[in-house]
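First to last, the sequence lines map onto chains L, U and C. Just so you know, my numbering puts 267 at position 75 of the first sequence, and the rest follows in order with no gaps. Just so you know, my numbering puts 163 at position 103 of the second sequence, and the rest follows in order with no gaps. Just so you know, my numbering puts 921 at position 70 of the third sequence, and the rest follows in order with no gaps.
In short, the hints are calculated from the structure, not lab data. Don't take each hint at face value.
Claimed, not checked - Lysine-lysine pairs mimicking PhoX-like chemistry, simulated, CA-CA at most 20 Å apart:
| id | chain 1 | residue 1 | chain 2 | residue 2 |
| --- | --- | --- | --- | --- |
| 1 | L | Lys200 | L | Lys237 |
| 2 | L | Lys295 | C | Lys1060 |
| 3 | L | Lys225 | L | Lys205 |
| 4 | L | Lys209 | L | Lys225 |
| 5 | L | Lys295 | L | Lys237 |
| 6 | L | Lys205 | L | Lys237 |
| 7 | U | Lys194 | U | Lys252 |
| 8 | L | Lys245 | C | Lys1060 |
| 9 | L | Lys334 | L | Lys295 |
| 10 | C | Lys901 | L | Lys334 |
| 11 | L | Lys237 | C | Lys1060 |
| 12 | L | Lys237 | L | Lys225 |
What the hints assert, rightly or not - Negatives, chain U to chain L, calculated, CB over 10 Å:
| id | residue |
| --- | --- |
| 13 | Ser152 |
| 14 | Ser162 |
| 15 | Arg184 |
| 16 | Glu192 |
| 17 | Lys249 |
On a predicted model such as this, the values are computed, not experimentally measured, just so you know. Virtual Cβ for every residue (Gly too), placed ideally from N, Cα, C.
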Amino acid sequence: MTIALSGKEIADKIAEKFPGSIIDSNQSYFVVKSESLLPVAMYLKDTPDYDFKYLNYVTAVDFHDRFEAVYQMTSLERNHSIVMKTTCPRDNPVLPSVVGLWKTADYQEREIYDLMGIRFEGHPNMRRIVLWDGFPGHPLRKDFNGA
Amino acid sequence: MEVGPVHRQVYSEIEIDRAEGAAIEALKARSVQPIRDPDRWLDEELKKNILLTSVDAVINWARSNSLWPVVCFPACCAFEFITTAASRFDISRFGMEIIRASPRQSDLMITAGTLTWKMAPNVRRIYDQMPEPKWVIAMGACAISGGIFASADYAVVPGYNRIIPVDVYVPGCPPRPEALLYGIQMLQKKIKKESIRKRQ
Amino acid sequence: MALRTEPFALNIGPAHPSTHGVFRMRATLDGEVIVDLEPVFGYLHRGVEKLAEQRTYTGIIPLTDRLDYLASMSNNMAYCMAVEKLTEIKVPERALYLRVILSELQRIASHLVATGAFLNDCGAFMTPILYMLREREKILDLLEMVSGQRLTYNYMRIGGVSQDVPAEFMPALQKFMAQMPRFIGEYEQLLKENEVLIARSRGVGILSKEMAINSGASGPVLRASGVQWDLRKADPYAIYERFEFDIPTGEMGDSYDRYRVRIEEMRQSLRIIEQAVKQIPDGPVKAEVPHLFHPPRGEVYVHIEAPKGELGFYVVSDNSITPYRFHVRAPSLINLTALREMLIGWKIADAIIIFGSIDICMGEVDR
């Protein structure tokens, strides 16, 4: 049975190692600041106790005042998983890209850019993927009225 | 637009994507009204009363019994078309088992799947490359009107008849193989009423 | 005199007989060897995630059918499980057994198409796919008996399944299961040691274990690279822990291993169905759920082992009758992440084989 680790415990450990990086945490997930996303992700991937080498998915949600990106990681050896989130403001949505750590995020981040408009810094190929070049707007945003 | 290409390519992918996007926007701007269905066979019978000659009869018999479809398989209906071509609902008994990849060698386009604006210029190009005489069967709800996806009008074309003229509409989601075979028989009846003299 | 060559660009375009749907690859070739490759998709983007925000929870089930249209039952099941986890609805026992039986039947049907198309690409022009479609017709007859539809069933509901199976389903299922092992044996006999198949797919398109895990591959692609990870055993859902079955894995991660893993999985699915048919109880098939219901605020992610890989649904609810956000973790899209690495250095003819062995479905990739 894949154990979903407690967000609060992991958040406490991360707050010790990277002070000031945690915004919020509860039983299911924890939220980090976008500046500390890469160091925290690297720590989670490389520490042998956690060993989160498999990224299940990257997705984004549009709350009306902010965007939230959601990452779920699993360790195949130890059979546990965790959900990590990060936020960015709605008027200038930029987040660091985790493509260097998990190649899975390649197409998924491009799709989030295409449909939601969040740019990922450090992604080698940040272009539209499911819609065509020159499409006006980003359809999955809550204020998109349809073309 | 953004970060430049980092691969070892001999073309510029940004230029190609930009040209493709411009073509799609141009096609979208041109396709606001649906194209009229080809119904000149009705005009001939009712208004001009032209009798078909025996040459017409032979040619129409040959054309209707050896329609060769072209590959146009976007989505789920493609699988019902493939099972129609398989051994249980054999389409070969109608002379149609040769599904040609090349549009230059085919005369029927069975549009099996949802059409999106991104794919639309390519479908129009395949249709234009088919030599006359050619016919189109719109298969499935998505091909007739956009189907269950019609409300996503930012990406889905509301029916193939915005882009190409359609002869027969086969409803269903997906249509059963028997329904598709009935549609093909209707098209064969329609072909038998055409005359080579009046073809546009 | 040395031969001078120049690389040139080739567009393997969206309308192509071997690309399993509208998928485009822009290749840079040096002679026949692929130097670089760029996959382009989005030609079937139908806006499923946006449409789902305007439909009720039960009304999304037909949309999920059309994602991976070769395995509709699995899509339905994963979505219904996600909403059930969000609202903590308990599904009756008979419904759970029916879900398992129908998912495994769907897995066999999907793998039949996948292996048939793969062999078609290998050069055996139409014979294997016609044989496999013949077996698939028998499975589609069973599924039509249950749901009334051949391809997009819309059969599962939140809280169970929509209706009980008719009386003639179980005897027909027993008859099918008695015949099927013989047919799998027939395919094996014709194809397992076939020289052409082995020459074309052994050692072709190797995906290493580290690359597979880093690219997020799942399903037969991951298992053929040697990783023992099957969600039915690692994270059991819907009573899979009551059945005994093996997980076939490969060693090298080449196209031949992916083909063998799918054939073996068909056999294991038959084993699961046999055990489920013996144990199935009587009883209701659907929990009482109001038609327009409001799940509590929250979010959930549920994943299952679909025929193509790990299929997951991420649903965010804000206590209204439509979801706030609906995201599909599509296995075909994520299995394609490693495509470029798998194809560079091989010839164009191998590209079609490697691409066919990954087994994608464009409805999922583009959504």
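Consistency of the hints with the structure:
1. L/Lys200 <-> L/Lys237: holds (18 Å)
2. L/Lys295 <-> C/Lys1060: The given pair, whose Cα atoms are some 14 Å apart, holds under the 20 Å limit.
3. L/Lys225 <-> L/Lys205: holds (15 Å)
4. L/Lys209 <-> L/Lys225: holds (14 Å)
5. L/Lys295 <-> L/Lys237: Status holds; Cα separation ~13 Å.
6. L/Lys205 <-> L/Lys237: holds (14 Å)
7. U/Lys194 <-> U/Lys252: holds (14 Å)
8. L/Lys245 <-> C/Lys1060: holds (12 Å)
9. L/Lys334 <-> L/Lys295: violated (29 Å)
10. C/Lys901 <-> L/Lys334: holds (9 Å)
11. L/Lys237 <-> C/Lys1060: It holds: about 17 Å lies between the C-alpha atoms, which stays within 20 Å.
12. L/Lys237 <-> L/Lys225: Given that 20 Å is the threshold and the Cα spacing comes to 18 Å, the pair holds.
13. Ser152: holds (37 Å)
14. Ser162: holds (26 Å)
15. Arg184: holds (15 Å)
16. Glu192: holds (31 Å)
17. Lys249: holds (40 Å)
In summary, the one numbered hint that this structure violates is 9.
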